[in-house]
Every structure is written in C-alpha cells, then in structure tokens.
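The chain contents come next:
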Amino acid sequence: MKYMLLINAGSVDASGGAAECTVEDWMVYDKQVKDAGIFVSGESLADLVTATAVRVGADGTRVVTDGPFAETREVLGGFYVIDVPDLDVALDWAARCPGALGSGSVVVRPIAEF
Amino acid sequence: MVDERAAVAAVFREEHGRLLAALARRFGDLDLAEEAASEAVEAALAHWPEHGVPPNPGAWLMTTARRKAVDRLRRDRTYTARLAELKVEAERAEPPAPAQGMPDDRLQLFFTCAHPALAEEDRGALTLRCLAGLTTPEVARAYLVPVETMAKRITRAKRKIRDARIPFRVPDADELPARLPGVLQVLYSIFTEGYAASSGPHLQRLDLAEEAIRLTTVLARLLPDREVIGLRALMLLVHARRAARTTPEGMPVLLEHQDRGAWDRTMIEEGLALLPQALSGPPGRYGVQAAIAALHDEAADITTTDWPQIVALYDVLHVLVPSPIIAMNRAAAIAMRDGPAEGLSLLDDLAGEPRLRHHHPYLAARADLLARLGRRHEAIAAYELALNHAATEPDRALLQSRLDALKD
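Read top to bottom, the protein sequences are chains V and F. Everything in the first sequence is counted per the working numbering, starting at 1 for the first residue and increasing by one. Everything in the second sequence is counted per the working numbering, starting at 1 for the first residue and increasing by one.
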C-alpha cells in the first residue's frame, strides 16, 4: 500500500533548512528509502518565499497572491511516496525521516485506491 | 427454541472477541468482521434448533463466519481487489477449524484497538465494542454520549483501521515496551470511568469496572507481562471496596469511613496473590499502585494503615509518573503520616498546576486539611470552591454535607 509522507519543517535556519538536521542526514535517509525498495516518488520543495497561491472566486475571477506564508508554524517542505505493507511500517519510515526531528513533523497519509 | 437461543447467546458472549479478532486479522476490516460474525450467529439460530448444537460451537461459528465474509467480499465490487489480495479462494477449500486449539487472535485486536494512530477518545470505545462485545448504544451509554455521536466515532475509527491499514498484529518484542502501555492505559481508563464516573448521576459504574477487569484478565492470560498482572491486581484490590464506597443512597463514603467488613475479601486475596509477580523486577506504575491499594486493603482502619510505606511507594510512583495528580495523592499520604500541616504545605506547592486548578479532588483534599487544622473560614471557602468543580451529584452532596457541618 502506498503512503505519502508529508514533511513539515518546524523552525528553519537562515539557509532555509531545518535546524535539527543536516544535508548529510537527508542524503543518508534518501539512500535508505531507495535501497529498501519502497521508494515510489519524492521531492523536496523549493524555499517557501518562491510559493504563489491561486484562488478562483465564485464569479470566476482569479486572484494570485504571493505566499502562502506560514501563519502556522509548520510548512510543507517536501514529500516521499513509499510503498509498504501497512501503517506501522510507514510510521517506522516516517520516524526515521530527519524531517520528524525536533520541531518538525511528518504526516503519514495513505494514498487512496480507486 | 428458547434453549438454543440461550446456548447461542452463551457461546457468542464467550467467543465474540475471539471470533471478531480472527476475522478482523484475516480480512483486515472490522466492519466486515462484525457483519460476518453476526451473520454466523443468525445462521446458528436457524441451524442449531433443527440439528442440535454442534460439539464445538466456537469452531462452527468461526467456519461459518469466514464463509459469510468471503461471500460478502464477492458480492461487493469495491472489494474485488482486496479479494484477490487475500487469496481467499484457497480459504474456501480449507477444512473446518480443528475442534481443539483454535488460535486466539484477541491479543492482536487489543493492540489494534489501542493503536496510537487512533484518536485517544476512540480507543476505549473501540475496545469495548470489539473485545468486550458491547453494542454501540451500550458503549455510548458507558461514555455518556449520544448514540449517534458514538456510532460516528466508532465508524471513523474502523474506517481508519481499514483504509490506512493499521495492521492486526502483536508488536515485536523490541516495540512492546512502547506499545503495551497504550493498551494498559485504555483498560485502566475504562476501569476508572467505572470506578469514579466523570459525570452523571452515579458515582460508580460497576458494569464498566467489571468489563475492564474481565478484559484485563483475558489480556493477562494472553500476555502474562508484569505490568498487565500489576494492572489486574490493582483493579481487583480497588474494586474489592465497591460495596463500601457508597451509601445505599449512592453517596460517596471516604476511605476513612468505609465499613471494611463490607470489602470483598475473596477479591482482595486474589489481588494480593498477584502482587509478587507484579512486583518482580523493576517497578512499574501499575504494580506500585497495586501495592498501595494492597496496604489499604490489609489495614484494619485508617490509623493503623502503614502510611510510611504508602508514602515511600508514592515516592517511587512519582518518579515513574511525574504527574501533579500523583503528587497530590502523595501529599495526602504525607498528611496522614506527618500531620495535616505538612500535607497542606505540599498541596499548596501544587497550586500553580493547571491540571489541578479545577480538579475537585485536589480542592476537596485542601479543604479537608484546612478543616483538620481548625482554619474554619478558609476551609469553608475551600469547600465552596471544590463544590463548584465537582462533576457528579454524589460528589456535590458529600462536599455540601461537609460544608454544612463546618457552618453549624
């Protein structure tokens, strides 16, 4: 079964990376996921300042705004989609993810099957 | 017909958890498991009166329920993929379950119902529904919420188990220390809701406490872990006092005024017999609490109670569980050992704890110590404050009577 791991960064340092882990931590984790044969897809999102939001009103007008910027403390920093037998295994992989450290969190969501 | 119905009911009550657990484990879907289980019972009601109750009714129900589940999967198109995955075709050809040694899957179900991925409030409800076999209206009554609300909560929890694929499995030995406390917490919270209802007209809900003991007994048999046994001992040693804990009118009776002759000696003996096993090895929170309960149960009255040892056990417990509630109980025990002034000063140290600010046992304990110190006006004010935060009618009535006594 496929699960998406949504990596929410907590506090970020000056360079935009999570404070509690290093680039090397991420490289190690990425290699582990791929070596385990469970990797389906995954991306790291570019810095939040590059984000743009689009909303379409009831009258069809399009409103484009800069952002969103986090009023919330956690922002989506990237994701993995992994294919594992059940939620416990998915949670184990989420727990090993550097993004789950400290003020960060990883939300695990099953991919709907149709 | 009446006899067969009674026979089915008896078998079903005994086998329900086991049946449901085995089906849930096989099919990964609690709804399907429940439907198949009840269809099997209907089949039994139709079949047994004519052909007699089979020699192994549990195995008969299991085989029938498995067939019903497979039929249901076939009929339901959304399950087509699931069906292929489960390779249930092979299942059809399987011989009926052997008469002896039917596997017991209830242990997996305990861990699934208490899975940390489920909302905390849903875990107890699901445990009562699936392992104790209570109906949704009964579970709703247990938690004093509308049936509709409870039905929604149970449906949501069951959907999450199925759709997010929370596995039916016993955690590996290395994960067990992290997962078992969650299961014990669920059972303990069912028990405490029965021991001291958080709201409503009654102080005790004996059926709920008894269900918690029954489930803990099943768990202890399946997983004879030190803390599981400790929890069972704790429940027995506390539940033994049930008859003395309320007056015939339902008013609470404090430990110091309880008729100790009304305590259930058989249950106390049973609890005491479990203590050596519960206390072997490093101390656990339930084992230590059971030891405290045992000291109360063994004492002839409040003055001959071994307070120094109770305080020592609370010291240990407070290290294991550094909660303000434990600290409050420790302070009350110290008041008994060293006098009300010492106890009060410790209680006052806890005044800043957010969890205690509106906690009526804390407020009442403080009022009680003030009264014992003869600080009448402060005691009256403290009782009035406690009264404002008491959750049940009987608690309010007791506080009111103490308040009235002070005002006279």
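Hints listed in this document are in silico derivations from the structure and should not be mistaken for laboratory results. Just so you know, these numbers come straight off a predicted model, no measurement behind them. Any given hint could turn out to be false.
[Claimed, not checked] Lysine to aspartate or glutamate pairs mimicking EDC-like chemistry, simulated, CA-CA at most 20 Å apart:
{"hint": "1", "chain 1": "F", "residue 1": "K407", "chain 2": "F", "residue 2": "E378"}
{"hint": "2", "chain 1": "F", "residue 1": "K160", "chain 2": "F", "residue 2": "E35"}
{"hint": "3", "chain 1": "F", "residue 1": "K152", "chain 2": "F", "residue 2": "D31"}
{"hint": "4", "chain 1": "F", "residue 1": "K160", "chain 2": "V", "residue 2": "E24"}
{"hint": "5", "chain 1": "F", "residue 1": "K160", "chain 2": "V", "residue 2": "D88"}
{"hint": "6", "chain 1": "V", "residue 1": "K31", "chain 2": "V", "residue 2": "E113"}
{"hint": "7", "chain 1": "F", "residue 1": "K160", "chain 2": "V", "residue 2": "D86"}
{"hint": "8", "chain 1": "V", "residue 1": "K34", "chain 2": "V", "residue 2": "D47"}
{"hint": "9", "chain 1": "F", "residue 1": "K152", "chain 2": "F", "residue 2": "D174"}
{"hint": "10", "chain 1": "F", "residue 1": "K152", "chain 2": "F", "residue 2": "E175"}
{"hint": "11", "chain 1": "F", "residue 1": "K407", "chain 2": "F", "residue 2": "E384"}
{"hint": "12", "chain 1": "F", "residue 1": "K160", "chain 2": "V", "residue 2": "D92"}
{"hint": "13", "chain 1": "F", "residue 1": "K160", "chain 2": "V", "residue 2": "D83"}
{"hint": "14", "chain 1": "V", "residue 1": "K2", "chain 2": "F", "residue 2": "D163"}
{"hint": "15", "chain 1": "F", "residue 1": "K160", "chain 2": "F", "residue 2": "E39"}
{"hint": "16", "chain 1": "F", "residue 1": "K160", "chain 2": "F", "residue 2": "D104"}
[To be verified] A few chain V residues that face chain F, going by a derived Cβ cut-off under 7 Å, partial list only:
{"hint": "17", "residue": "M4"}
{"hint": "18", "residue": "A58"}
{"hint": "19", "residue": "D59"}
{"hint": "20", "residue": "D88"}
Glycine included, every Cβ here is placed at the ideal spot set by N, Cα and C.
Results for each hint:
| no. | hint | result |
| --- | --- | --- |
| 1 | F:K407 / F:E378 | holds (12 Å) |
| 2 | F:K160 / F:E35 | holds (18 Å) |
| 3 | F:K152 / F:D31 | holds (13 Å) |
| 4 | F:K160 / V:E24 | violated (35 Å) |
| 5 | F:K160 / V:D88 | holds (13 Å) |
| 6 | V:K31 / V:E113 | violated (27 Å) |
| 7 | F:K160 / V:D86 | holds (12 Å) |
| 8 | V:K34 / V:D47 | violated (24 Å) |
| 9 | F:K152 / F:D174 | violated (34 Å) |
| 10 | F:K152 / F:E175 | violated (31 Å) |
| 11 | F:K407 / F:E384 | holds (12 Å) |
| 12 | F:K160 / V:D92 | holds (18 Å) |
| 13 | F:K160 / V:D83 | holds (18 Å) |
| 14 | V:K2 / F:D163 | holds (11 Å) |
| 15 | F:K160 / F:E39 | violated (24 Å) |
| 16 | F:K160 / F:D104 | violated (24 Å) |
| 17 | M4 | violated (12 Å) |
| 18 | A58 | violated (31 Å) |
| 19 | D59 | violated (36 Å) |
| 20 | D88 | holds (5 Å) |
In summary, the numbered hints that this structure violates are 4, 6, 8, 9, 10, 15, 16, 17, 18, 19.
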